[in-house]
Each structure stands twice: as C-alpha cells, then as structure tokens.
Amino acid sequence: MAGFRTRAIHVGNEVDPSTGAVVPPVHFASTFEQPGAGEWGKYDYSRSGNPTRTGLQTTLASLDGGCGALAFSSGMAAIHAVTMLLRSGDHVLAGSDIYGGAYRLLHRICDAAGVTVSLVDMTDLDAVQSAIRDETKLIWGETIGNPRMTIPDLPKIAEIAKQRGILTGVDNTFGTPALMRPLDWGIDIVMHSATKYLGGHSDCLGGTLAVSNPELLDRLYFIQNATGAVLDPMSCFLVARGLKTLDVRVREQSRTAMKLARWLESLDQVRAVLYPGLKSHRQAGLAGQLFDPEFEGDRKCFGAMITFELEASLDQVKQVCQSTRLFHLAVSLGAVESLIEQPATMSHASYAPEARARHGITDSLIRLSVGLEDFDDLQADLSTALDAALSPPA
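Position 302 of the sequence shown, counting from 1, maps to 302 under this note's numbering, and the rest follow consecutively.
Bear in mind the hints are in silico, worked out from the structure with no lab data behind them.
Each hint should be verified, as a subset may be incorrect.
As the list claims (entries may be wrong) - Derived pair list, reagent style BS3-like, types lysine-lysine, alpha-carbon separation capped at 30 Å:
| hint | residue 1 | residue 2 |
| --- | --- | --- |
| 1 | K318 | K259 |
| 2 | K318 | K279 |
| 3 | K156 | K300 |
| 4 | K42 | K318 |
| 5 | K259 | K279 |
| 6 | K279 | K300 |
| 7 | K279 | K156 |
| 8 | K318 | K300 |
| 9 | K156 | K137 |
| 10 | K259 | K244 |
| 11 | K300 | K259 |
| 12 | K300 | K244 |
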C-alpha cells in the first residue's frame, strides 16, 4: 500500500480521463440523465450520490483504513446519523470529556426521542464496565477529549464493547487520520469534523464517517440518503484539496504545539498544561502507544490542541483570550491560523454550569488551536496577553 501522503494526493483524485486534468472536475449537477425509464445509472440525484462526493469519500476511506466513508454537511450531522441507528429505549454511554455540541445532541435531541444517555470517565475502564447496561447499544468517545485532552484506552474499550455486542464510535477530529486510525483498534465508526483539520483553512463546513464493516456502511448510507444531510460539491472539493496537505500541516502544527506546551508549563501563572505529548499528562504512556505509531522519539507527533489552566479569575481569563493578536478569539480549530477560546463560555457553553463543574470544565481553562505561524511569534503573542491580564498593576 502506498504511504499516507501519497494516498491523500492520489486516491480518489485520479486524472480526469476526458481532459487529462490532474485535478478532478467539481460536479455541481443536482440530477443525472438515466439510461431508460426504470433503469438507473451510477448516479441519479445528487443527494443519493455525486461524483465529487464519491471522490472525497474514496480518499477518506483510504486514509481512515475503512471499507467506505460518507461525507456530511457538518460534523454534527455525521454524529446525528450515528445516533439514528438507535431506537427508543436504547442507552448511549458517552465520554464525559466531549465537545459541547455532541453533549447537546445527546442530552437535548436523543433523550427526547427516548434514548437514554449517561456520561463516564472514559479513562477509567472499570467505570466504563460498570456503566454498561443491558440496553446499551452505543459507546461514544473522543480519541482526544475536548477540552481536557483525556486519552481513553480505545483498543480496550473496543474489546469490552465487542464482548457485549455494543457498537463503538469515536470523534477523531483532534487526532486526525494522520496521527490516529481508530478503525485499526477495533472501533466501529470514526467521525471527523471536516471543518477542522481535514479542510484546514476555515473556509468550509463538513463532517465524515468511516467504517470497516460493509453492512454498517449500508445502514449509515441509508440514513444519510433518507435524511439528506450530504456535503455539497464545492465543500467536497475544498476538503479533498485540504486532505492533500493534511499530514504536512498536522505535523508542523504538532511540533509547534509541543514547544508551546513545554513553555507554558514553565510559567508560574499556569496551574496546569493538558497536552498528550508532555510527560506530565495523565495518560502520557498510553498517548505514546496510540499516537503516530509509525514513529518514535522526537519524530512522534501528538496533535496541535493545547488546553491550559490559569491561576486566575474568570475576568482575567477572558482578558487573556481577548488580548492576543495572532491567536484569534474564535470557536473551531484545526486551520492554518491559530485560535484561542475559553471553553466554559464558548465551545462548551451548552453544558449546564453544574455539569461543567462536575466534568472539570472550569472557568480558568483556555484552549488553543495551534496553527502554522512561527513559534516565536505565537509565544510572544501569548506572553504579551498573559502579562497584560495577570501582571499586578504598577
């Protein structure tokens, strides 16, 4: 099999046979002429299938190591499709360190449809085992928890689930297929918010699912086609273009993130730095096994997301986030420009205050998405913002 970067560039991006164009054309057609009444060609209606979407899905399946992939109109649409595999009376066991939008979907949409939800610390295998019920049909987690950067032992969780006949799914947005491939560990469904690293340039919205089981792929495709949350052709093109540089971008961003995490850890104003590449991380050993398995030592990458906690008040934390010049104050992540946000008031504001407190999402947390800017410039930007917000008045 060709290497990851080679497949990202060539699989699903074959030369156009009619023109010789090295970039496949974007097919904006909503409908396709059929060979005859009651006879169906490969494509009939763009909700059911589109050549541009097919190309992207072919690339995604190759990079995630699946039998197939599906591209959705957003990451939340992709997660919603997974939950539509469930029925009233079923139970979902989800990680307690998950994206606020997923928390909202599980607690405001799924529960209204009769699907019960409980959250558990996915790093505690005994707690996971104890929380499973007879009616548990799905275990949902994140390869890197958002925002506390926890690393569940997903190979063991997959093993536990298979013993009980439970479906497993993970959000691998933070990890990306460049650094983590959960299908190789026995996970059933891997999801990415394509808006983030896959697209990589903050200019499109999308979500993806990849699976290794053809029957499960058929079930998810039926849901996608029936409900219609498909990715449009232009966004498919943008994500496919982003995938060609995914590995290069993620590795450069990860190297800068490691340097920033080590620097932040040295500061007196910082109570804790949550980054999987640091020896101080609670799951540092596990992260070393799961991240970037083809590489060792300094060549291994641990992603470009950092969460850190300040010795500061809510107002001071807000001031830090509002004082940076290169780190844009914005939700989202994974693009070429660096972003900063306060999870408690932004990405995880959909949590009830007591739920945030229970799951460790404190007001003093700051989350960084490290982009492709020079390390020295990003360090200086953060240093200036921290000094402005935390230095005592003269």
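A quick look at each hint next to the structure:
1. K318 <-> K259: Answer holds: K318 to K259 is near 24 Å, not above 30 Å.
2. K318 <-> K279: Given pair K318, K279 holds - Cα atoms ~28 Å apart, limit 30 Å.
3. K156 <-> K300: This hinted pair holds, its Cα atoms lying about 22 Å apart.
4. K42 <-> K318: Violated - the C-alpha atoms of K318 and K42 are around 53 Å apart, more than 30 Å.
5. K259 <-> K279: Cα-Cα ~13 Å, so holds.
6. K279 <-> K300: 14 Å, holds
7. K279 <-> K156: Holds, at about 22 Å.
8. K318 <-> K300: Given pair K318, K300 is violated - Cα atoms ~33 Å apart, limit 30 Å.
9. K156 <-> K137: 17 Å, holds
10. K259 <-> K244: Distance of about 25 Å is within 30 Å: holds.
11. K300 <-> K259: Given pair K300, K259 holds - Cα atoms ~13 Å apart, limit 30 Å.
12. K300 <-> K244: Holds, because 20 Å separates the two Cα atoms, which is no more than 30 Å.
Against the hints set out earlier in the document, violations occur for numbers 4 and 8.
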